Structure formats: structure tokens, C-alpha cells
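Peer 1: This is what each chain is made of:
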Amino acid sequence: MSETAIKPRIEKIPLKEQLAQKLPVLLVPVLAAVGLIAIGNPASWLTLTVAGLAMGMMIFIMASGLTVVFGLMDVINFGHGAFVAVGAFVGFTVLAWLAGWTASPSVFMNLTAVLVAILAAMLVTGLLGLAFERVIVMPVYGEHLKQILVTMGGLIVAQQMIYVVWGPDELHMSRPEALQGSLVIGEAAIEKYRLVAVGIGLALFLGMRHILKNTKIGLLVRAGVENGEMVEALGYRVRRLFLIVFMTGSALAGLGGVMWGLYQETITAHMGSEIMVLVFIVVIIGGLGSVEGCFIGAMLVGLLANYTAFLAPKVALISTIALMVAVLMWRPQGLYPVVKAK
Amino acid sequence: MLTRLLSGDTPRSGLLTALLLIVLISLAFAPFLFPGTKSLETAARICIFIVLVASYDLLLGYAGIVSFAHTMFFGIGAYGTALALSTTGPSYGALVWGTAAGAGVAALFALAIGLFSLRVKAIFFAMVTLAVASAFAVLVSQMSWLTGGEDGLNYKIPRELTPAFKLIKAKVFDVSINGKILAYYLVFFAAVILFLVMLRIVNSPFGRTLKAVRDNAFRAEAIGYRVVWYRTTATVLSAVMAALAGSLLAIWLRYTGPATTLSMEIMIDILLMVVIGGMGTLYGAVLGATLFILAQTYLHYLMGVAAEATSAVPVVSTLVAPERWLLWLGVLFILSVYFFPTGIVGRLRAGRA
Amino acid sequence: MAENLLTLSGVHTHIGPYHILQGVDLAVPEGGVTVLLGRNGAGKTTTLRTIMGLWTASQGGIRFGDHVITKLSTPEISRRGIALVPEDMGIFTDLTVAENMILAAANGPMDPKRLAWIKELFPPIGNFWNSSAGTLSGGQKQMLSVARAIIEPRRLILIDEPTKGLAPAIIKAMTDALKELKETDTTILLVEQNFAMASSIGDTVAVMDDGRIIHSGRMDELVADVALQEKLMGLSLEAHQ
Ligand SMILES: Nc1ncnc2c1ncn2[C@@H]1O[C@H](COP(=O)(O)OP(=O)(O)OP(=O)(O)O)[C@@H](O)[C@H]1O
Ligand SMILES: [Mg+2]
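For the protein sequence lines, the chains are A, B and C, in the order given.
Following this note's numbering, the numbering of the first sequence begins with 1 at its first residue and continues without gaps.
Following this note's numbering, the numbering of the second sequence begins with 1001 at its first residue and continues without gaps.
Following this note's numbering, the numbering of the third sequence begins with 2001 at its first residue and continues without gaps.
Derived by calculation from the structure, the hints in this document are not laboratory data.
It should be emphasised that the depicted structure is a prediction, and the values quoted were computed from it without experimental measurement.
Hints are not guaranteed to be accurate.
Pairwise CB distance ranges, derived in the manner of DEER restraints [as the list claims (entries may be wrong)]:
hint, chain 1, residue 1, chain 2, residue 2, range
1, B, E1041, A, G199, 20 to 28 Å
2, A, D169, C, M2110, 58 to 66 Å
3, C, D2220, B, F1339, 52 to 60 Å
4, C, W2117, A, L111, 48 to 56 Å
5, B, Y1092, A, A189, 34 to 42 Å
6, C, S2137, A, W330, 26 to 34 Å
7, C, V2068, A, L111, 53 to 61 Å
8, A, E170, B, L1002, 19 to 27 Å
9, A, I244, C, N2107, 16 to 24 Å
Here are the computed lysine-lysine pairs in the DSSO-like style, where the Cα-Cα straight-line distance is at most 30 Å [to be verified]:
hint, chain 1, residue 1, chain 2, residue 2
10, A, K213, C, K2179
11, B, K1171, B, K1156
12, C, K2182, C, K2164
13, C, K2172, C, K2231
14, A, K16, A, K213
15, C, K2071, A, K146
16, A, K216, C, K2119
17, C, K2231, C, K2164
18, B, K1171, B, K1038
19, C, K2113, C, K2172
20, C, K2119, C, K2071
21, C, K2113, C, K2071
22, C, K2113, A, K216
23, B, K1169, B, K1156
24, C, K2231, A, K213
25, C, K2071, A, K216
26, A, K213, A, K22
27, C, K2182, C, K2172
28, B, K1171, A, K146
Even glycine gets a Cβ: it sits at the ideal position worked out from N, Cα and C.
Please model the entire structure based on the sequences and the hints provided.
Peer 2: Below you can see the structure in the form of C-alpha cells.
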């Protein structure tokens, strides 16, 4: 083939399109700025912003698995919330076993206890994800209606099993010494735990981005989201890839559960289904299947929920719904619509 | 004549017909067959839930749409009637316009949600309705100046529908015919009429197109049906029916609160009833609601006995504890989605062939 | 005549309620180009997808080399040495050209020699190596799709209408590339509507209609027999010339 037949030609992305790409990212600082104006007091604003980001990070952790699972296999797991609850309860049990470590004045021991609790929770929820995928989800691939019903059934059963194992009462999950209390910056008091949550969430987001952009498995996931059949035709077993993603997503939900439990300090069997509402809103705002969109959506929801909780407590949840409606009016497929071959 | 009343959609199975007749007769003569407050409460609940579950089946079974906002519409109907009665006093006028307003608001909400989110995937609609319904429940419990918050609203209904009113002095089969019994028959006949209306809807050309859309949206669109319009209309109809069921509940209980109308638990119950009874059959709603509510009321007792009997075996006794009946129902639910997607009614009809 | 690499016997395929392939018998000799012709909706794409395992045959058998592959999954079929260049090209637009190629080399890193050959065959692959595949033009995407199929040595390549919607100059370039590929002993099953292109490259030919093969034989014989051409394809061939 001759060079003249096809001249190399760098396609310029028009400025307008580039801006449209970046626009959703800008929403977060814009919202923070609006929050500052509305709240007025910088110290309260800082406290609320950190709280909002922490909440957003935790929701992101729980939602990220859900959105990738959807992107890859067109599966929405309505039972995802059960993993959150199970994670929290497992974390609670482990922390209770390690009571000596959590009460110890040593920061190192405290953090090790939390780490062990998190790992245990992720292990259990990851395995639970395996069982869930094999028993509940696998037989109904491609049938959305049954999928929704069956995963909802899974949620009911899982919640009831929590009652069987841990009893019907809500439990108190206390933070270890090192994560209690606040830092005072100027006039603003910022809870230490929230900073930790922001740190973990950010690390996870960056790690996930790295994996998706720079590893073969990440490439496969992104390719699979767009066109699973083609990935199969290239010789990869998408089903196995999906199982890995499903288990990872479940484990992340478990991680989110421990973090949320430590954040709220009480855990109940139906905490998962309550958080799922926020998780769904975030996933819809972000665009089903998009990790970046999910992250931005989570930040927006976290910030908005905290600002409105301060300004007008009664409308906190409504405000997030309003945000969802507004985003969908603007972009009916969410902030980052996912390209699908079919 | 009877076939026309049923819009040509007969039960088509001897056993199913027999079961439906048993339910119908039991409900029609409930005050006399099963005297006592508790059984009357149960009978009325069954009537109301048959309408509610059938209206959900309209959406799930016939249109193939999963909504988690059905209790929201149920609640809107109940609060419509409740607010009218509690603000303007116990008149029939208030009862009627409250009910109408509830149904109207439900229709508007359903229209908005439908137009907004039915264009995209079924999953999307399920998620949006879940979010909206939870937000609505929270909103209602926070607007306590209007809705009474978590405590809900207590109000009076027209005197003729209360136990204090005696229609006739004499007792019929040992049962005094008081206003409560009249209220029961109001609920019963309203339920029968609403059910027959729904049967008519699903057997009309509209209902058949709805099924075509459910089975193959892509093809239906290609043939020229406006899929979104059909789905939205189904959503609106189903919401109005649910709202009317809510109004019946409001009249029957003389109380309306978030726990009896808006809670996620009720939503899950409806889902279980529809699937176990049989999706896309309407008769499934009758059997599902009846069995579920009977089980809810009486199975507790049986499981209590089982738990007692197995109290020596630690894990088993927690598993069969009466509070855990939802666990078994959940398992049954999953199994029925896999193995009997057409539920009890589907089984009975298949058994006949 | 060379031995057949791929044989379909009595293959039926259902898509949902529709019965699309109704007994396809097709033989693809080893080491040449077999062209599959047929009007729109005849079932050509469905045939390729069934071979690839993207639809499962409900009846009949597909033999590849010495093995029956009818019931194998798509990844297994791929790993036995069959590659597909689908009608819609199946490019991962969210990934770069390089990433598309990396994934296509399913058995490990790309062979630099093969890659150099491919870049020579399709210069845009090299020129746009790090660009997002979504920004490529239609012709360039088609080249990328073929390039992915040949980054690893394959025994059989299924190509679905590689010239669809392309400008004449690019059709020529694509044809040249396929001719060069043919020289490497790769067997090709090519679906093509453009008879001029098809006849210039094909060794054997099969014509489909309504989910069945209605003619198969040597390409040169079909080219010589205008009456047969008209009988098989009526006006649809002329329209494409
Ligand atoms: N996913 C599907 N669902 C239903 N019918 C389908 C589907 N895919 C293809 N068909 C039908 O199968 C028949 C054969 O289609 P196929 O794509 O194999 O034809 P083709 O020969 O490749 O046509 P073309 O030249 O237009 O690409 C057509 O009638 C088509 O409508
Ligand atoms: Mg085709």
C-alpha cells in the first residue's frame, strides 16, 4: 500500500468537545465554591467539605465495583448492598476480637487492627461475591428482569442471614483510639477518620485508574465494556474476567462497608440497602459503566449531601435526587456516557 | 356473561378456578365465615393487597418493567385520602376528592418518571425508581407539619363506616352489622371492581401490545409501536391503581403512616407476592397476596412452634425462628424466578395441559 | 484440490425466535481465499459468527482441521487459530491503536517482525500508533481490524466486508494487502459484496441466499460464466461493479 493513499492525518479534537470532556471534572470545584458562598463561614465550609469528600470517597469505593460490573456484562447487582453490610459486620467481629489492639495507645497497633478487619471483610465479601455470581447471577445472564428480581432476592436472603449470624440488633462499632478525635486547623475541626477515608479513597481511585490504563487486565476490562464479543473473538474468556471483576467489586463493597461502619459507628443488617440508594444515584450520575464518572458523581453527591445537611437538613436526600435529575436533563446517559458497540 | 366480566381471560385450569373461587367466597363472606376483628383485618388486607399486587403485575408482568416506586404510589393514594379527611373532616366529599387527588398526583408522578427514564434501559428505570421512592419516603417522614412524620395521621372517616354505627339492630349469623362491616364491603367491592378493570385493561388491544413490547421491544419499535408511550401509559395506569389501593387502606385503617404505606419492606413484599403468585397473569396477584398475607399472619405461629421444637439445636432454631420467615421466602423467591417464572398460576395452568 | 481446512455441514442457526441459517454446507480449502457472496440479509455475517462461536449452531457440524468446533466457546475457537474481522470492525475506540494491537496478541508480547510487516502493509497503524482508535477514519479502522487479526499467525481468517463504505483508493489498498496476506499461506474466508474485488482475489466461491449455500465452485468458472452470475445474483452484482 502506498503512502500517498492515506496521508497521515492527526485528527484534531475540536475545542468544544475537549471542553465537554473536562466539564464534569470542573463541577466538583464549582460545587465547592458555591458551597463556600452559601455557607459563608470558611471554617464550617472546610469541615463540611472534608466530610463531603470522605463520604464521597466511601460511596465511590462501594459504587466502583457495581459500575464496572455493569459496563462489562450488563449486570446490575441489586444485592450489592448486602456486601456492604456483610463487610461491616465482619469488620466489626474482627475488631471485637482485636479489642486489645484497638484500645492500645499505639497508633501502629490500632491501624493494624483496622487493616486486619478490612482484609478479613474483603476476603469474606470477595468469596461471597464468587458464590453470588455463580449461584444467583450466572443463570440469568442477559435477562434483565430476572436479574433484578434474583439479585433482589439475594439481598433479602443475605440480610436475613446477617440477622441469623449477628442477631437483630444494631451494633456499635467504635473507632480505634488513633482514629478518634479531630485535628484543628485554624477554626475548623476536621475529624481524623475523615482524612483517613479521603486518603484511602483517593489511593484506591488512583490505583484503579492505573490498573485500567496500564495493565493488560485493565485494558481487557475497558475493551470488554465496549465490546465483549470482540474480546472473546480475540481469545480471552470474558466470563472469567467478569468473575474477577465481580469478586473485586464485592470485596470493595466490603471495604466500603467497614469504612462506612467506622464512619457511622453503628451498623445494621439493612445499612446496605440504605446506602445503595446513594450508590445508585452516583452510578447513574456518573454514567453506567464509567469509573471516572462514578468518582466525580460520588464527590458531587458527598459534597452536596453535607452542604445541604448543614444549610437545610430536611432536604439532604432530596438534594441528591435533584442533582441526579439535573445531570440527566443535561446528559441523559450520565456525565461520562460509556461507549457501547451495541 | 361471566366470561365477559372476566374480559375473556378465564383462569383456564380447574384447580386454579377452584382456588380462586375459594378466595372469592371466603373474602365475600369473611365477616360471617371468620368472625373476629383479627380475621376481618386480615381479609381486608388481602383485598387491598390483591389490588396493589395486581397493579404491580400490570407493570412487571405485562410491561416487563421493574419499578421500586410502587409503594410510593400506594402511599400517595393513602396520604391523599388521609389528608383530605384529616383537614376537612369526615365527609364523603372529602373522601372522594382526597382519593381522586391522590390518584391524580400519582398519575403525574408516574408520567414524569416514565417519560424521564423509560427511554433508557430497564435497569436504569429500576435504579431511578428505587432512589426516588426512598427520597420520597424520607421527605414524607420529615414533612411532619403536613404528614404527621413518622407517627403518621389519625383521622375520622364518615360515621357510617365505623364500628359505632349499627345498620340494623338484629344480628345476622351472630354477627352485628355495624359500620366496620360496611367498610369491609366497601373495600371488598372496590377491590373486585378494580381487579375486573385491570383484567379488562390487560385483555384489551393495549394490553396485548404491551406484551408484544415486553417480549421484543426492538421488534415492536420496528413494527411502528411507540414503545416509550406504551410503557409510560402502563406505568401511569399501574400507579393510579396502586394509589386507589392506598386510598382503600387509608379508609380501612383510619390511619396512614410511612410504615404502613411507603416502607421498602412493603415493596419487597409486593415483589414476592407477584413473583410467587405468577407474573403476567393477574390471577397470580390474587393467590400471591392471599397466601402471603395468610402466611405472614399465621405462618409466624407455625414457625414459632418449629423453633420451639428445635430449640435444642442451636443453628436450626435460629433459622426457623418466626422472625426469619423472610429468609425462607427469599429463597423461595429466587427459586421461583429460576424454576417457575410463571409462579403458582403458571404451574397450575401447565399442569392442566 | 487442496484439503479442506474448514467444513460446515448442514449448519442451522437460530437467533432468538428466528431461524436464520437453514442448513449451510460450506467447504473452505486450505491455503486460498474463499469468497462468500450473497445479497443483503442472506446470512453471510451469521455464517461467520456461527463459525466463530458467537452464535451457536443448533444443528449440524463445523469441522476445523481435524477437530469438531461446533460446540466450542469463542475464546477456544480463537485459540485454535481462527480470527474474525467483523462487519462492524469491532475496534475498541476507547483504547489506543497500540492497545488494540496489544490485546490482539493474546499469547504474549507482539512479535516485532510481524509488527513491522503489518506497519508496512498498513502504514496508518504505525502513524497513529499512540492515537485513540476512536479518532481513526473508517478505512483506518478497517485496517486496524485486519491488523489485529494477523498480529499472531492464524490458520484461518474470517473477514466480513472489508471494503464496505470505503473510497476506491482505499479499497485497492485493502485488496493489495489481502493479496499479500494470501501469499503467506493464511487461509481466508472473505465475505464481499464488491464482485470486482472478490473475483480478483478469490480462488473458490460460495453464494448464499436465504440461509443456504446455493452455489459453490471455482471463482474463475463463475467469472467466465456471466449467465450463471446473473442467475445467482441477478442485478445485485451489477450494482456493485
Ligand atoms: N441479532 C439478530 N436478531 C434477529 N435477526 C437477525 C440478527 N442478526 C441478523 N438477523 C437476521 O438474519 C438474517 C441474516 O443476516 P446476516 O447479517 O447474516 O446477513 P448478511 O448476509 O451478512 O447481510 P449483509 O450483506 O446486509 O451484511 C437477516 O434477515 C437479519 O435480519
Ligand atoms: Mg453481513
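Peer 1: Take the hints in turn and mark each one as holding or not.
Peer 2: Here is how each hint holds up against the structure:
Remark: the range hint 20 to 28 Å for E1041 (chain B) to G199 (chain A) is contradicted by a beta-carbon distance near 55 Å. Taken as a hint, the range 58 to 66 Å holds for the pair D169 (chain A) and M2110 (chain C), whose Cβ atoms sit roughly 59 Å apart. Between D2220 (chain C) and F1339 (chain B) the CB atoms are about 58 Å apart, so this pair conforms to the stated range of 52 to 60 Å. Between W2117 (chain C) and L111 (chain A) the beta carbon distance is about 55 Å. The supplied range of 48 to 56 Å therefore holds.
For the pair Y1092 (chain B) and A189 (chain A), the beta carbons lie near 59 Å from each other, so the given range of 34 to 42 Å is not met. The beta-carbon spacing between S2137 (chain C) and W330 (chain A), approximately 30 Å, falls within the hinted interval of 26 to 34 Å. A beta carbon spacing of about 58 Å between V2068 (chain C) and L111 (chain A) agrees with the range 53 to 61 Å that was offered as a hint. Checked against the given bound of 19 to 27 Å, the beta carbons of E170 (chain A) and L1002 (chain B), roughly 53 Å apart, lie outside it.
At about 20 Å, the CB distance of I244 (chain A) to N2107 (chain C) agrees with the hint of 16 to 24 Å. Note on K213 (chain A) and K2179 (chain C): the hinted pairing is violated, with a Cα-Cα distance of about 36 Å set against a maximum of 30 Å. The hinted pair formed by K1171 (chain B) and K1156 (chain B) meets the criterion: a straight-line CA distance of about 26 Å does not exceed 30 Å. Restraint check: the Cα-Cα separation between K2182 (chain C) and K2164 (chain C) comes to about 20 Å, which is no more than 30 Å; the hinted pair holds.
This hinted pair checks out: K2172 (chain C) and K2231 (chain C) have alpha carbons roughly 28 Å apart, not beyond 30 Å. Restraint check for K16 (chain A) and K213 (chain A): the C-alpha separation of about 25 Å stays at or below 30 Å, so the hint holds. The suggested pairing of K2071 (chain C) with K146 (chain A) holds, with an alpha-carbon distance near 26 Å, which does not exceed 30 Å. Restraint check for K216 (chain A) and K2119 (chain C): satisfied, since their Cα atoms lie roughly 22 Å apart, inside the 30 Å limit.
A C-alpha spacing of about 24 Å is found between K2231 (chain C) and K2164 (chain C), which places the hinted pair at or below 30 Å, so the restraint holds. Between the alpha carbons of K1171 (chain B) and K1038 (chain B) the distance comes to roughly 19 Å, so the proposed pair stays at or under 30 Å and holds. A C-alpha spacing of about 25 Å is found between K2113 (chain C) and K2172 (chain C), which places the hinted pair at or below 30 Å, so the restraint holds. This hinted pair does not check out: K2119 (chain C) and K2071 (chain C) have alpha carbons roughly 36 Å apart, beyond 30 Å.
Among the hinted pairs, K2113 (chain C) with K2071 (chain C) is inconsistent with the structure: their alpha-carbon atoms are about 35 Å apart, more than 30 Å. Annotation: proposed proximity of K2113 (chain C) to K216 (chain A) holds, straight-line Cα distance about 22 Å (limit 30 Å). A threshold of 30 Å between alpha carbons decides the hint, and for K1169 (chain B) with K1156 (chain B) the separation of about 23 Å falls inside it, so the pair holds. At most 30 Å may separate the alpha-carbon atoms for a hinted pair to count; K2231 (chain C) and K213 (chain A) exceed this at roughly 54 Å.
For the proposed pair K2071 (chain C) and K216 (chain A), the alpha carbon gap of about 28 Å is at most 30 Å, so the pair holds. With a C-alpha separation of about 18 Å, the suggested pairing of K213 (chain A) with K22 (chain A) holds against the 30 Å cut-off. Taking the CA atoms of K2182 (chain C) and K2172 (chain C), the gap is about 15 Å. The hint holds against a cut of 30 Å. For the proposed pair K1171 (chain B) and K146 (chain A), the alpha carbon gap of about 51 Å is over 30 Å, so the pair is violated.
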